[in-house]
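Below are the chains, spelled out letter by letter.
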Amino acid sequence: MGAPALAPAANAGADDLALRLDGVTVTFETDHGPLTALQDISLSVRSGEFLTMLGPSGCGKSTLLRTVADLLPVSSGTVSVIGRAASEARRARQISFVFQDATLMPWLSVIDNIRLPLEVGRGNGAIIDAPVPAEELLAMVGLKGRERALPHELSGGMRQRVAIARALICHPKILLMDEPFGALDEIKRDQLNVELLRIWQETGTTILFVTHSIPEAVFLGQRVLMLAANPGRVREVVDIDLPYPRDLALRDQPEFIERAAHLRQVLETC
Amino acid sequence: MAVVDQQEAAADTTAARREKVRQRKAKTWRDRWPPLAAVVGILVLWELIVVGFEVPTFIAPGPGEVVATMIERWPMLMMNLWPTALESLAGFALGNTIAVLIAVGFVHSRLAERAFYPIAVFINTIPIIAIAPILVLIFGNGFTPKIIIAALICFFPTLVNVTRGLKAVNPATLELMHVLSASRWEVLIRVRLPSSLPFLFAALKIASTTCVIGAIVGEWIGSNVGLGALIIEATYNFRSPLLYATVILAASLAVVLFTIVTLLERRLIRWKVDAAAV
Chain A
5 MGAPALAPAA NAGADDLALR LDGVTVTFET DHGPLTALQD ISLSVRSGEF
55 LTMLGPSGCG KSTLLRTVAD LLPVSSGTVS VIGRAASEAR RARQISFVFQ
105 DATLMPWLSV IDNIRLPLEV GRGNGAIIDA PVPAEELLAM VGLKGRERAL
155 PHELSGGMRQ RVAIARALIC HPKILLMDEP FGALDEIKRD QLNVELLRIW
205 QETGTTILFV THSIPEAVFL GQRVLMLAAN PGRVREVVDI DLPYPRDLAL
255 RDQPEFIERA AHLRQVLETC
Chain B
40 MAVVDQQEAA ADTTAARREK VRQRKAKTWR DRWPPLAAVV GILVLWELIV
90 VGFEVPTFIA PGPGEVVATM IERWPMLMMN LWPTALESLA GFALGNTIAV
140 LIAVGFVHSR LAERAFYPIA VFINTIPIIA IAPILVLIFG NGFTPKIIIA
190 ALICFFPTLV NVTRGLKAVN PATLELMHVL SASRWEVLIR VRLPSSLPFL
240 FAALKIASTT CVIGAIVGEW IGSNVGLGAL IIEATYNFRS PLLYATVILA
290 ASLAVVLFTI VTLLERRLIR WKVDAAAV
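Chains A and B are the protein sequences, given in the same order. With positions in the first sequence counted from 1, the corresponding number in this note's numbering is that position plus 4. With positions in the second sequence counted from 1, the corresponding number in this note's numbering is that position plus 39.
With the rest of the complex left out, here is chain A (with noise of 0.2 Å):
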């Protein structure tokens, strides 16, 4: 039951990696005494990687992401992101956070909302320089016309998309995505995982992907991280070798289903 360390790709040297996790623990004081989320998790991740995190309820996958984004801290361990320590990252616009909410400003026309980033946090040293123009995330995200409107005249599927713009806006290095479709309907769902892989590709950036369907982490993921619970830690960790770009029709082909498969058995016993 210990936790291998993830060998990275063997051609990536050190400074290629986007995320490189050493021994990472994470200790909560509860009313029932300590608990740990997370034990010993050592994790490399290309720069450039789409890994997908599955795993059950409670098994630690949120606080992991939320460990990268200098949102909780480590008990012991080391955290680096793009070579340095999580809260450099954060500050220097590397990191960008999808939550299962849009947490979009509902008083903000879709354009503030995806320019918020570059509003606020100058005072605490965020470096934020060259962003994308908003209108050009705005057509990437397929919400072109829609710039002046307020969250509540959008579907969810809308307004995580213009979530999604907004993590986007500093060219984060990395990007932490907790069950961002969670909430959508199984359509709505498909077509934005559809449009995150064009996303991913068009901007190279890396992503961290959090879920609970096992066919979104096999047809998002290069690599599928499975997590077991109590304590949090590695189970195992699956190669998806199937080529990009994957279209939706890949979930009705043999190899998909193959894998699939597999990370249910190996689900079951975590």
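Quick caveat, the hints were computed from the structure, so don't treat them as lab data. Beta carbons are placed, not taken as given, at the ideal position from N, Cα and C, and that holds for glycine. Be aware that a few hints might be false.
[Stated by the list, open to error] Heads up, simulated DSS-like pairs for lysine-lysine below, C-alpha to C-alpha not over 27 Å straight-line:
1. A:148 / A:192
2. B:311 / A:192
3. A:148 / A:177
4. B:59 / B:311
5. B:244 / B:311
6. B:311 / A:148
[Unchecked claim] The following label-pair restraints were derived from C-beta to C-beta distances:
7. A:77 / B:125: 53 to 59 Å
8. A:91 / B:125: 51 to 57 Å
9. A:62 / B:209: 17 to 23 Å
10. B:173 / A:35: 45 to 51 Å
11. B:209 / A:149: 26 to 32 Å
12. A:148 / B:61: 53 to 59 Å
13. B:304 / A:137: 31 to 37 Å
Since chain A is already given, all that's left is putting chain B on it; use the hints.
Just chain B, lined up with the frame of chain A:
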């Protein structure tokens, strides 16, 4: 030919728009006639009872007499309206401003909230009628005690509502602001204050009517100007039509303030909170 077509199209849309306006007017009228009819009915009934049962004027004047007095004594009524309006507005501004500032303090310091919240509750439990003489003794007969009473009556609902509003922020939104390295000031200005606006306006609507009550209660004690003073004087002298006219004016003042707050709310809050929370 093309020009004619365009004109026809334009004429069509104007006609359609006129039809829409007409329909909207018809709908407004359908919505409005029942309450209007009810008010007119009550006034007529009131007049009939007063005339029919020969009720003496000093016990209950009919609406006709009240309106006659209002027209006759208009300049004198206005002279007394202004001090009350001024005290109400000043109290409204003072009480709500202090409440919002303290709410901001509460949100940023648990210690401050624990220390001062019980005091705020205690102040709220003192009946305003009981505190009025105390303030008159301290601050004399001028505007000051009335403004303070009006402020006190506004203070508590706003404090409670705005504190709740400032805290009612989606935790994920706060996480987003942290990832963006936002300072506490930026979180306050860009997230907490705007999202507390619906809560603030709910409180301001309450305050817009209670501040008038505060000012009038303040004027009941040893004052010789203002609607409150006029109410006392008219009561003691059995000048019932004047008393009724004064009460109507006081109510109108509250309605005007309430309407201003409601219009401001509509201008400032154009988003829907529930839909955007998803």
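Starting from the hint 53 to 59 Å, judge whether the C-beta atoms of residue 148 of chain A and residue 61 of chain B obey it.
-> Since residue 148 of chain A and residue 61 of chain B have Cβ atoms about 38 Å apart, the given range 53 to 59 Å is violated.
Given the hint that residue 244 of chain B pairs with residue 311 of chain B, does the C-alpha gap stay at or below 27 Å?
-> holds, 19 Å
Within a Cα-Cα threshold of 27 Å, do residue 59 of chain B and residue 311 of chain B meet the stated pairing?
-> Cα-Cα ~26 Å, so holds.
Pairwise hint evaluation, residue 177 of chain A against residue 148 of chain A, where the allowed Cα distance is 27 Å at most | holds, 25 Å
Assess, step by step, whether the Cα of residue 311 of chain B is no farther than 27 Å from the Cα of residue 192 of chain A, and give holds or violated.
-> It holds: about 23 Å lies between the C-alpha atoms, which stays within 27 Å.
Has the given pair, residue 148 of chain A with residue 192 of chain A, been kept, meaning a C-alpha gap of at most 27 Å?
-> holds, 18 Å
Does the Cβ distance between residue 209 of chain B and residue 149 of chain A fall inside 26 to 32 Å?
-> Taking Cβ atoms as reference, residue 209 of chain B and residue 149 of chain A lie about 27 Å apart, which means the hint holds.
Residue 62 of chain A and residue 209 of chain B, beta-carbon distance inside 17 to 23 Å?
-> holds, 22 Å
Between residue 77 of chain A and residue 125 of chain B, does the C-beta distance stay in 53 to 59 Å?
-> holds, 55 Å
Within a Cα-Cα threshold of 27 Å, do residue 311 of chain B and residue 148 of chain A meet the stated pairing?
-> At roughly 22 Å apart (the allowed maximum being 27 Å), residue 148 of chain A and residue 311 of chain B satisfy the hint.
CB-CB spacing for residue 125 of chain B and residue 91 of chain A relative to the 51 to 57 Å hint = holds, 54 Å
Is 31 to 37 Å a correct range for the gap between the Cβ atoms of residue 304 of chain B and residue 137 of chain A?
-> Cβ of residue 304 of chain B to Cβ of residue 137 of chain A: about 35 Å, so the range 31 to 37 Å holds.
Comparing the model with each numbered hint stated earlier shows that hint 12 is the single one that does not hold.
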